[in-house]
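**Student:** Residue strings, one per chain:
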Amino acid sequence: MHFDDILNCVGIIAKYLLPTLKVFFFTLLFSIPLGMVVALIKKCPFKPVAWIINLYILIMRGTPLMLQIITIYYAIPMLQKAGHLMSVDIRSDSYQFTALIVAFALNYAAYFAEIFRGGIEAIPKGQHEASAALGFTKLQTFFRIILPQVVKRIVPAGANEVITLVKDTSLASVIAYIEIFRKSRELMVTYSNLIPLFIAGVFYFAMNAILTVVFSAIEKKLDYYK
Amino acid sequence: MAILEVKNLSKSFDDLEVLKDISFNVEKGEVVAVIGPSGSGKSTMLRCINQLEKLGGGNVTVCGHNLVTGYSNGKPIYASSAELREIRLKIGLVFQNFNLFPHFNVLRNITEAPRCVLKQPKEEAEKTAMELLRKMGLESKAKAYPCELSGGQQQRVSIARALALNPEVLFFDEPTSALDPELTGEILKVIKELAKDKMTMVIVTHEMAFAKEVADHVIFMDGGVIVEEGTPEEVFVNTKNERTKQFLRRYDSINKEN
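So the sequences go chain by chain: A and B. Heads up, the first sequence is in my numbering, so the first residue is 1 and it goes up one at a time. Heads up, the second sequence is in my numbering, so the first residue is 1 and it goes up one at a time.
These are calculated hints, taken from the structure and not from any lab test. Remember, predicted model here, so these are calculated numbers, not experimental data. Glycine is no exception: its CB is placed at the ideal position from the N, C-alpha and C atoms. The reader is advised that the hints may include incorrect statements.
Heads up, simulated DSBU-like pairs for lysine-lysine below, C-alpha to C-alpha not over 35 Å straight-line [unchecked claim]:
| id | chain 1 | residue 1 | chain 2 | residue 2 |
| --- | --- | --- | --- | --- |
| 1 | A | 152 | B | 141 |
| 2 | A | 22 | A | 152 |
| 3 | B | 192 | A | 138 |
| 4 | B | 141 | A | 226 |
| 5 | B | 28 | A | 138 |
| 6 | A | 42 | B | 75 |
| 7 | B | 28 | B | 245 |
| 8 | A | 152 | B | 28 |
| 9 | B | 28 | A | 125 |
| 10 | B | 141 | A | 221 |
| 11 | B | 198 | A | 220 |
| 12 | B | 28 | B | 119 |
| 13 | B | 212 | A | 125 |
| 14 | A | 138 | B | 143 |
| 15 | B | 198 | B | 90 |
| 16 | B | 212 | A | 138 |
| 17 | B | 119 | A | 226 |
| 18 | B | 75 | A | 47 |
| 19 | B | 135 | B | 122 |
| 20 | A | 43 | B | 54 |
| 21 | A | 138 | B | 245 |
| 22 | B | 90 | B | 20 |
| 23 | B | 135 | B | 20 |
| 24 | B | 20 | B | 127 |
| 25 | B | 127 | A | 226 |
| 26 | B | 127 | B | 75 |
| 27 | B | 245 | A | 152 |
| 28 | A | 125 | B | 135 |
| 29 | A | 43 | B | 119 |
| 30 | B | 75 | A | 138 |
| 31 | B | 196 | B | 141 |
| 32 | A | 125 | A | 15 |
| 33 | A | 138 | B | 20 |
| 34 | A | 47 | B | 20 |
Here's a subset of chain B near chain A, in silico, CB distances under 7 Å, partners left out [to be verified]:
| id | residue |
| --- | --- |
| 35 | 50 |
| 36 | 93 |
| 37 | 97 |
| 38 | 99 |
| 39 | 101 |
| 40 | 103 |
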């Protein structure tokens with residue numbers, strides 16, 4: 001490959017950074033609150049609810065994300081067909097993106113839920129008792145006393161998930177969603193050369209380098225108390 | 001009227017009966033010391049009164065408000081949550097392990113409850129907090145975080161935090177058990193000063209000399225029952241009960257060894 005071709009590839013792949021980032025941000029936007037809700041529901045004293053949550057987490061963590069993406073992408077139109085409902089257009093960009101975000105958010109929420117659960121359980125009982133003795137309501141205790149301490153504890157584990165998500169966005173290519181991984185593979189075939197793939201790798205690496213710096217800054221900022 | 005009335009309080013954990021028919025009153029301005037061996041139910045009793053544990057039987061009345069309105073099938077029916085909250089605010093609690101909020105500085109540890117729970121304006125809450133810190137000799141630590149303080153200082157902050165809600169009665173659950181003897185002294189000094197100001201207090205403690213000095217009334221518990229109670233002189237000097245004598249002798253011998 002000539003230098004001009006390489007520059008050309010960088011330019012083309014860079015254009016598909018946006019679809020990658022869209023999957024990344026929308027997944028975080030939905031999976032973090034959903035994970036928190038799942039973690040809280042799991043503490044529900046009514047056992048069958050906790051069983052359902054456990055089953056959900058087991059499936060999400062126990063099967064490949066790629067399989068989940070394909071299943072959700074094709075299952076919804078199939079179910080609609082079986083139910084003689086109005087069918088969605090599987091080829092439309094909006095359906096494709098929605099299916100992707102549903103799959104990613106459900107999968108990541110399961111992981112985040114377990115991280116949140118661990119964080120909540122690590123807060124000493126005394127914090128709840130002191131809050132209760134001071135007359136805080138359950139809601140006040142959670143948002144003012146418990147959650148801020150949970151956030152500090154889960155930053156390292158959360159950073160791990162977020163960094164993994166950057167790389168997992170490449171799985172979106174399996175349902176023909178075009179982002180940097182899919183594009184670089186196309187270019188790889190066009191040029192019969194591995195360099196486009198290498199360029200994609202550099203993009204992922206750069207994104208995660210930035211995230212690593214951001215997360216260590218967050219950790220440092222939260223280091224004002226033990 | 002007594003500030004606190006405990007009537008026939010009982011409590012079991014599964015099959016283990018930890019409190020059996022406990023009754024006592026605390027009058028306004030009175031300092032009650034609860035002593036007894038570990039596992040005698042002292043802390044559980046405190047936790048039941050503070051609603052950190054459910055009652056097994058009996059009742060607790062704080063300033064005329066009943067915690068339990070009745071029993072059905074042996075299970076207590078509690079007062080409305082608004083009433084329970086009101087009762088809770090009449091009682092301050094100081095824990096053995098301080099339980100300060102690590103993510104708030106000292107000032108915010110004290111002002112958070114008055115602001116959120118009593119809806120006090122910020123200035124008022126901070127003014128009260130600074131006064132309490134002055135009383136505790138910790139004015140200069142207002143902006144410090146709990147992890148930057150010694151155990152004794154943390155415990156003084158937690159006393160200030162409890163006092164900020166202006167409770168009718170203050171409970172101490174072994175306030176010095178997590179502290180070394182030097183730091184114990186500074187907490188005991190603070191409690192003595194509160195006693196001088198006629199603060200009503202119930203103190204679960206292993207500090208016998210302190211209990212003898214500061215308490216108006218001493219309760220000795222063992223095996224979930226009140227074995228002996230009375231003035232410090234009645235319990236410590238003219239001890240009647242054999243079990244109390246045995247317990248106090250052990251303390252005396254430890255003190256002599258030291």
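**Student:** Now, for every hint given, state plainly whether the structure supports it.
**Tutor:** We went through each hint and held it up to the structure:
A hinted pair counts as satisfied when its Cα atoms are at most 35 Å apart, and residue 152/A with residue 141/B qualifies at roughly 23 Å. Between residue 22/A and residue 152/A, the direct Cα distance comes to roughly 27 Å. Compliance with the 35 Å bound is thereby established for this hinted pair. Proposed proximity of residue 192/B and residue 138/A is supported: the alpha carbons are some 34 Å apart, at most 35 Å. Straight-line distance between C-alpha atoms of residue 141/B and residue 226/A comes to about 17 Å, which keeps the hinted pair within the 35 Å bound.
Taken as a hint, the residue 28/B and residue 138/A pair is honoured in the structure, with Cα atoms around 31 Å apart against an allowance of 35 Å. Distance hint between residue 42/A and residue 75/B is fulfilled; the C-alpha atoms sit about 27 Å from each other, no more than 35 Å. Restraint check: the Cα-Cα separation between residue 28/B and residue 245/B comes to about 29 Å, which is no more than 35 Å; the hinted pair holds. With a C-alpha separation of about 43 Å, the suggested pair residue 152/A and residue 28/B falls outside the 35 Å cut-off, and the hint is violated.
Note on residue 28/B and residue 125/A: the hinted pairing holds, with a Cα-Cα distance of about 31 Å set against a maximum of 35 Å. Proposed proximity of residue 141/B and residue 221/A is supported: the alpha carbons are some 21 Å apart, at most 35 Å. Straight-line distance between C-alpha atoms of residue 198/B and residue 220/A comes to about 46 Å, which puts the hinted pair past the 35 Å bound. At roughly 27 Å between alpha-carbon atoms, residue 28/B and residue 119/B fall within 35 Å of each other, so this suggested pair holds.
A hinted pair counts as satisfied when its Cα atoms are at most 35 Å apart, and residue 212/B with residue 125/A qualifies at roughly 32 Å. In summary, the hint linking residue 138/A to residue 143/B is supported, as the alpha carbons are separated by about 27 Å, within the 35 Å threshold. A hinted pair counts as satisfied when its Cα atoms are at most 35 Å apart, and residue 198/B with residue 90/B qualifies at roughly 16 Å. Proposed proximity of residue 212/B and residue 138/A is contradicted: the alpha carbons are some 39 Å apart, above 35 Å.
Between residue 119/B and residue 226/A, the direct Cα distance comes to roughly 29 Å. Compliance with the 35 Å bound is thereby established for this hinted pair. For the hint linking residue 75/B to residue 47/A, the alpha-carbon distance of about 22 Å falls within 35 Å, and the restraint holds. With a C-alpha separation of about 20 Å, the suggested pairing of residue 135/B with residue 122/B holds against the 35 Å cut-off. Among the hinted pairs, residue 43/A with residue 54/B is consistent with the structure: their alpha-carbon atoms are about 20 Å apart, no more than 35 Å.
Only pairs whose Cα atoms come within 35 Å are accepted, and residue 138/A paired with residue 245/B is rejected, the gap being roughly 45 Å. For the proposed pair residue 90/B and residue 20/B, the alpha carbon gap of about 25 Å is at most 35 Å, so the pair holds. A C-alpha spacing of about 39 Å is found between residue 135/B and residue 20/B, which places the hinted pair above 35 Å, so the restraint is violated. Straight-line distance between C-alpha atoms of residue 20/B and residue 127/B comes to about 44 Å, which puts the hinted pair past the 35 Å bound.
Distance restraint check for residue 127/B and residue 226/A: the Cα-Cα separation of roughly 27 Å lies within the 35 Å cut-off, and the hinted pair is therefore satisfied. With a C-alpha separation of about 44 Å, the suggested pair residue 127/B and residue 75/B falls outside the 35 Å cut-off, and the hint is violated. Proposed proximity of residue 245/B and residue 152/A is contradicted: the alpha carbons are some 51 Å apart, above 35 Å. Annotation: proposed proximity of residue 125/A to residue 135/B holds, straight-line Cα distance about 29 Å (limit 35 Å).
Restraint check: the Cα-Cα separation between residue 43/A and residue 119/B comes to about 30 Å, which is no more than 35 Å; the hinted pair holds. This hinted pair checks out: residue 75/B and residue 138/A have alpha carbons roughly 23 Å apart, not beyond 35 Å. Taking the CA atoms of residue 196/B and residue 141/B, the gap is near 25 Å; set against the 35 Å cutoff, the hint holds. Straight-line distance between C-alpha atoms of residue 125/A and residue 15/A comes to about 50 Å, which puts the hinted pair past the 35 Å bound.
Between the alpha carbons of residue 138/A and residue 20/B the distance comes to roughly 31 Å, so the proposed pair stays at or under 35 Å and holds. Distance hint between residue 47/A and residue 20/B is fulfilled; the C-alpha atoms sit about 33 Å from each other, no more than 35 Å. The restraint placing residue 50/B at the interface with chain A holds, with a minimum CB-CB distance near 6 Å, inside the 7 Å limit. Hint on residue 93/B holds. Least Cβ distance to chain A is approximately 4 Å, under the 7 Å limit.
The restraint placing residue 97/B at the interface with chain A holds, with a minimum CB-CB distance near 6 Å, inside the 7 Å limit. A least Cβ separation of about 4 Å between residue 99/B and chain A falls short of the 7 Å threshold, and the interface hint therefore holds. Because the smallest distance between the Cβ of residue 101/B and any Cβ of chain A comes to about 6 Å, under 7 Å, the interface hint for this residue holds. With 7 Å as the threshold, the beta carbon of residue 103/B comes within range of chain A, its nearest partner Cβ sitting at about 5 Å, so the hint holds.
In this structure, the earlier hints numbered 8, 11, 16, 21, 23, 24, 26, 27 and 32 are contradicted, and the remaining ones agree with it.
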